[in-house]
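Enquirer: These are the residues of each chain, in order.
There are 2 protein chains.
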Amino acid sequence: MTQSVQRALRVMEVLVAKAPRAVLGDIAKAAGLTPSTTYRIVQTLVQEGYATAEEGGYYQPGSRILSLAGQMVTAMDYSTYARAAMLELQEHTPETIHFGVLSGDQAHYVDKLEGRRPYRLASVVGMSLKLHCTAIGKAILAHLPPGRIAELTAPDRLVAHTRKTITDPERMATELERIRAQGFCIDDEEDRDGVRCIGAPVFDHHGQVFGGLSVSAPTMQFTLQDAISLAPVLIAAAESTSAALGAPRNRGND
Amino acid sequence: MTQSVQRALRVMEVLVAKAPRAVLGDIAKAAGLTPSTTYRIVQTLVQEGYATAEEGGYYQPGSRILSLAGQMVTAMDYSTYARAAMLELQEHTPETIHFGVLSGDQAHYVDKLEGRRPYRLASVVGMSLKLHCTAIGKAILAHLPPGRIAELTAPDRLVAHTRKTITDPERMATELERIRAQGFCIDDEEDRDGVRCIGAPVFDHHGQVFGGLSVSAPTMQFTLQDAISLAPVLIAAAESTSAALGAPRNRGND
DNA sequence: CCTCGTTATTTCGCATTGTGAAACGACATT
DNA sequence: AATGTCGTTTCACAATGCGAAATAACGAGG
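Chains as they are written, first to last, in the working numbering: chain A, 1 to 254; chain B, 1 to 254.
Just so you know, these hints were derived from the structure itself, not from any lab.
Model, not experiment: these values are computed from the prediction.
Just so you know, not all the hints are guaranteed correct.
Only some residues are given here: those of chain A computed to face chain B with a beta carbon under 10 Å [claimed, not checked]:
id: 1; residue: Gln3
id: 2; residue: Val16
id: 3; residue: Leu45
id: 4; residue: Ala160
id: 5; residue: Thr162
DEER-style ranges, computed between Cβ atoms [stated by the list, open to error]:
id: 6; chain 1: A; residue 1: Gly56; chain 2: B; residue 2: Ser229; range: 35 to 45 Å
id: 7; chain 1: B; residue 1: Thr34; chain 2: A; residue 2: Glu91; range: 29 to 39 Å
id: 8; chain 1: B; residue 1: Thr34; chain 2: A; residue 2: Asp188; range: 49 to 59 Å
id: 9; chain 1: A; residue 1: Glu91; chain 2: B; residue 2: Met220; range: 34 to 44 Å
id: 10; chain 1: A; residue 1: His92; chain 2: B; residue 2: Thr74; range: 28 to 38 Å
Beta carbons: idealized from backbone N, C-alpha and C, even for Gly.
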């Protein structure tokens with residue numbers, strides 16, 4: 001609608017995507033704008049704290065973005081919805097529990113409950129998750145509208161992260177089918193070697209998929225059987241979160 | 001510079017500030033814009049994923065903001081700068097270590113190292129910190145330019161969080177003076193009851209204050225003496241982080 | 001069921017504002 | 001010193017964003 005705003009947002013996205021080394025020309029090209037327009041927009045972003053100009057002509061995304069996100073997480077408090085369910089889930093497993101929400105064509109963590117284990121997973125709240133190779137991601141992907149699924153499972157989107165990542169659209173279609181049938185989803189070292197997860201989808205008040213809960217652990221301590229045996233409690237936790245978000249009941253039969 | 005972009009950013013900020021219940025009229029008033037302009041901007045934000053329109057006429061900040069912040073944390077990886085120092089610091093204390101960076105008129109966590117203790121602090125990466133009542137915050141505040149300090153320590157900014165929060169500008173001025181002299185800073189239940197922290201500032205390559213490191217723990221297990229005795233190693237960790245960020249040497253004598 | 005008041009949305013004419021070509025300047029490279 | 005590249009500034013034009021006012025949608029009260 002408002003052209004210059006659209007352009008500015010696009011510039012901001014490019015800035016983040018190319019961080020931490022974005023130079024004006026590249027930004028302009030990536031955003032499909034003329035240098036002068038890009039320059040003006042970037043200046044505005046800098047002035048407002050959404051970008052910073054580093055020496056050497058590099059531009060970086062500004063901390064204001066982090067600041068907004070921080071406030072937002074606090075204010076919206078997505079995690080309150082999942083918190084109770086996560087704590088309950090923690091009674092059933094000593095492993096790390098994550099809550100992630102969908103955001104554009106990826107998901108990201110909004111809450112995490114550390115496992116009662118000596119090791120720690122290298123994850124932080126805010127970290128983004130690919131939809132095609134993570135437990136939360138695939139759980140979400142499986143419940144997206146068919147059109148979006150098609151987009152997101154195009155061959156060039158299925159980037160391999162490990163040897164086990166599903167990169168074939170057909171296999172992915174089968175996988176998503178199974179996820180819908182089972183109600184949960186396994187990530188068997190598809191995102192990171194040595195990490196196995198089980199995930200289940202969470203729905204919002206429109207009945208649309210909103211995010212997912214997952215339990216993750218090193219493969220050595222967390223066999224496929226261990227993971228699968230958690231499915232019932234995980235699904236229960238996910239459903240209780242959906243309920244807290246006001247999701248309509250008994251999805252899957254309608 | 002670019003009016004409509006400035007306005008859009010302002011609208012986005014208002015949206016976050018008023019989350020999760022912002023109605024068009026309020027947004028317009030808070031942003032100082034006419035309803036029609038606000039409407040157009042909000043529509044643009046919605047279309048781009050920076051806002052969502054909820055039923056009942058409520059607008060909420062969109063998950064795209066979180067998504068950008070998530071990518072940004074990953075891409076910029078502020079935490080790499082502090083990681084080594086934090087791990088080193090962890091050798092000297094079993095308590096929780098935080099790294100926070102300045103962002104506008106607050107700070108927020110970008111990394112956290114869980115303490116080797118049975119309890120956990122309710123903090124997550126991304127969480128925002130007030131500058132006037134947290135260890136990292138005050139460490140930063142003390143090293144801001146005098147003008148900013150004046151702004152940020154105006155009586156109405158010094159909001160009490162606990163009985164011990166410093167709300168008197170004069171006392172705050174003295175406190176900041178001491179922080180500059182000592183090189184570290186104590187938060188003695190000023191932000192949360194039962195939590196005591198020690199913090200030290202981190203500087204960037206311009207020599208400007210960039211963030212801070214802190215060690216936090218429940219007061220019962222972490223006396224004032226315990227905290228103060230950590231000062232040397234904490235300061236060393238902060239200085240090593242500053243060095244990693246390319247900060248000029250021997251600050252404080254010039 | 002109608003009326004009035006409030007608030008969101010749309011329309012529309014105007015000129016402010018954003019735009020991009022082109023000029024300029026700062027650097028680096030040869 | 002000459003040439004090329006890239007960031008920055010200028011400027012004339014009109015497209016774009018603007019806000020007043022009209023309209024629609026909704027709710028509360030009678």
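Enquirer: When the structure is checked against the list of hints, which entries are broken? Sort them ascending.
Expert: 4, 5, 7 and 9
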